[in-house]
Amino acid sequence: MAGTVIEIRDVTKRFLTPSGEVFTAIRDVTFTVEPGQFCAVVGPTGCGKSTTLSLVSGLDRPSSGTVSVDGREVDGITDGVGFMFQADALLPWKTVLQNVALGLIFRKVPKKEAVARARDWIRRVGLAGFEDRYPHQLSGGMRKRVAMAAAWITEPRVLLMDEPFGALDVQTKAIMSNELTGLWEQSRPSVLFITHDLEEAIALADRVVVMTSSPGAVKQVFDIDIPRPRSSVQEIRFGARFLELHHEIWATLRDEVEHAYARTAGAAA
Amino acid sequence: MSTVQDTVAVGRRKPDDRTRRAASAFRLRKLKVWGARAALAVLIIGGWQLFTSLGWVDKFFYAQPSGIWNRLWDYFENGTEFGSYPQQIETTMQEALYGFLIGTGVGVVMGIALGLNRFLAEVLDPFIKVVNAIPRIVLGAIFVVAFGVGITPKVLLAAVLVFFIVFFNAFQGVREVDRNVLNNAKVLGASRRHVIWHVTLPSAMTWIIASLHSAFGFAIVGAVVGEVLGAQHGLGLLIKSAQGNFDPDGVFANMFVIAALVLIVEFVIERVERRLLAWRPTTQAESVLV
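From first to last, the protein sequence lines stand for chains A and B.
This note's numbering puts the first sequence at residues 96 to 364.
This note's numbering puts the second sequence at residues 11 to 300.
Extracted from the complex, chain B is given alone in its bound form (with noise of 0.2 angstroms):
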């Protein structure tokens, strides 16, 4: 073979080459990236259990890995003193999702109103504040007094907490706006119900919706406590049930359970704001991940 012809072989064959080592050094680091994840899930929880077991760390404060699965067990076979296991998540799912949506839907009304209305936000401003300042845990004690113990106060907690998040990131996304993107709309001959239709809003969504990835969590919050200071049903009730039982593995097995709803209902957020904000860059860590 002369050499001409290798050249041109080898320039032929070279970028697949390379595309396929890149495509299997990608694969190895993330197959080693998920190999490490699984040995530190196994360390963590195999330590808890071997020293919970030796009796080095004291079971009956700390709870024990394989208690937890046993009491978690327990719960969906025998189910719990408060009727079945998945009413208990239900009643929780349900009081977080009332509470979540009525937040956010009242927070990114009263966010963008207040956004757009410059005088009304100046008044509103140190009233704001002033409630804001107020630790909101508090108020579901007001509210189990006055609503009873069914599922309204735990409601109206999840939907205070949420209000406040969804809220101040709605009105700040209507302020946030781009001064260049608002002037270009404007000279185009957009009316003011087109400026908030195709500018305003569409810039306030990615704040909102980068808020409603926490704002679940606080729902859940504000489920829980809700629960915990009086309910019939419920995950926190069952935390309160466990707590005055002296039986840890009770509470970390429901802590388990909430933190496993939160995080699916979290991939669910994300999967909505992938869609809501195709249109925005990735970022270089979603890039790099991908």
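With the rest of the complex left out, here is chain A (with noise of 0.2 angstroms):
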């Protein structure tokens, strides 16, 4: 199923802290991800990316303006969305084909289609042999593809990304970055892809957001002209135009990274 256009209107988004106080996590941000578009948000620590993809994916409300995908107004969990999550978010007790099944299980697709679709997921993320393990006996790199597959098997029309290889090793996440691009070319759904790595962000996406330590709110919006299809991230950070966005994009972003850095180091001393 071809991606859908996700539109974020003037969101902001305030939290009550446990002391009483009012925390703006995100604040009047506004940008568009056009239909079968990959794009990249990029910013400090603690500027409320997390935030905005959880309003989009349904978890949380926006406090003010709207999000809207394909159209309609996120109310509840948005449907037609897959979520990769940065931290482990695989059910430990199921193994890995029940954790691939989920998806279709819950939208009461029959159980042995659901077994067959899964099997055929888990092959094609390249961990045949392996249904029936269970989470911890996987490594970290493996148990991401195991919620890819999960992410994928329902078919989404929007992705979205909370850092999903934030926690692994150059070698592996340079591996997954490339098989998460062949899968995004088959069947191009939306993407809103989370990073705090720029270079990732340019060599993946057609669209990148930097935005502003917190309250985050949306710095500037850059469009990757880097044709598709792309060489492995390894091969063309090294381009004339990538380096030349790379250069461009890091500018702006810097400002927020020491913005930010600042803050907390105050906070500390």
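These are calculated hints, taken from the structure and not from any lab test.
Each hint should be verified, as a subset may be incorrect.
[As the list claims (entries may be wrong)] Reference excerpt, derived from the structure (chain B facing chain A, CB under 7 angstroms, subset only):
1. V191
2. K196
3. V197
[Claimed, not checked] One side of the interface only, derived from the structure: several residues of chain B facing chain A at Cβ under 7 angstroms:
4. N190
5. G199
6. A200
7. P212
8. W289
9. P291
None of these values were measured; they are calculated from a predicted model.
Glycine is no exception: its CB is placed at the ideal position from the N, C-alpha and C atoms.
Two chains, each in its own frame: build the complex with the hints.
In structure tokens form, the structure reads like this:
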């Protein structure tokens, strides 16, 4: 299924902290992910990137403003959304096969068909033979593959990824990024991809949104015009256009990172 | 033989050698542990026997292993003043098991129900704290008065003791569900029923099963204390009677029988736990010992 448009308009999200203060996570955030577009969001830690994702998925509601997917305002869990979490979010008491089939089981797909399709996806992410393992018996990279298969099996029109490869080592991360691009090019869902790795963002995305430090707001949006299909991250990062974009976006991002750093360092001192 | 062939041969043989050596070291270690355990047991029981025989320790107060053994033999051979010995064991086990099952069942259901209902949990919180602060053994006295000397008051006392342990664990287990796992299930399209069945219950299960270990011990405590307070059969009654007859051997004999029963049931519970929690990573201690 092809991707669908995500519109985030004037969205503000405030939380009540346990001490009773109001904390503004994001303020007046506005940006759009076009149908089938791969959009990366970069920004310093604590700039409300994850909050933005939870608003799109429907796990959380905005305090003001609107989030809409496919023209419909998000209200409850958004239909047709896949989510890859930063931390391990597999069900530890279920095997690889059961984990991958979960999205289909929840959608009342007959068990036999769900299992068959889960097996197919496990094969596609290169884990054939590991169907009956439990998550703790797999390496971090393998668990991410399971999470990827579990998210893709429902054929989402929107894929939300919250630093999915953040915890992986550099080599595994590179392999996973390539596999992600391969899958994405087959079915072209709209992707909202959060990362703090600017190289990863430019290499993967069509659009990079830079956010300011807290309260999070959109600082600038860059369109990445490196043609597709692209080669792997390791290769294109030496391309002239890549370096140019990297230089340009980093100049914008650096202020925010330094700003955020100064604040946390100041708080610590 | 040339050097190259040598290294190849050694290279092929070496890992085998190493595994064999590791295996034998492992066996040796296990043997040592069991040897030390046996030695310690002999030291304790032998010392006990020796000191009481020499009269350094008065066996009138502290019993004597040979006396305990003879008393046990006597129990099984000639029965007790309240009927055959197996019957006493059966009574106590019956009370403990019924209490265990009732306490666990009610504890699990209420713990999960309250864990899922935040409002109810907050309303009931102070009440539960008060009830939990009551020394529950005292309830046994009330149960005996209300329900007579049959097995009912013992079952109730055991159930009450078990209930609180299991209840708090089930409640906590529901509350400690991993946010990421929960959100993941929700985004994958889980309904509320799906979430409870696929996420909340399995997560709470870890806590509940862990609580069952100590829970059975408490069930036995409830049964035995109930019997001491007033009964017609049971190991607790035998202990009370032995105490009244100045028979420390009888007290210790029953005590060891109860300990053996608890160990047997705990062994069974551990088996069940291993089956139900097969998905859990083995802890470091387990993997070292296996």
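Right, here's what the structure says about each hint:
no.	hint	verdict
1	V191	holds (5 angstroms)
2	K196	holds (6 angstroms)
3	V197	holds (4 angstroms)
4	N190	holds (4 angstroms)
5	G199	holds (4 angstroms)
6	A200	holds (5 angstroms)
7	P212	holds (4 angstroms)
8	W289	holds (4 angstroms)
9	P291	holds (4 angstroms)
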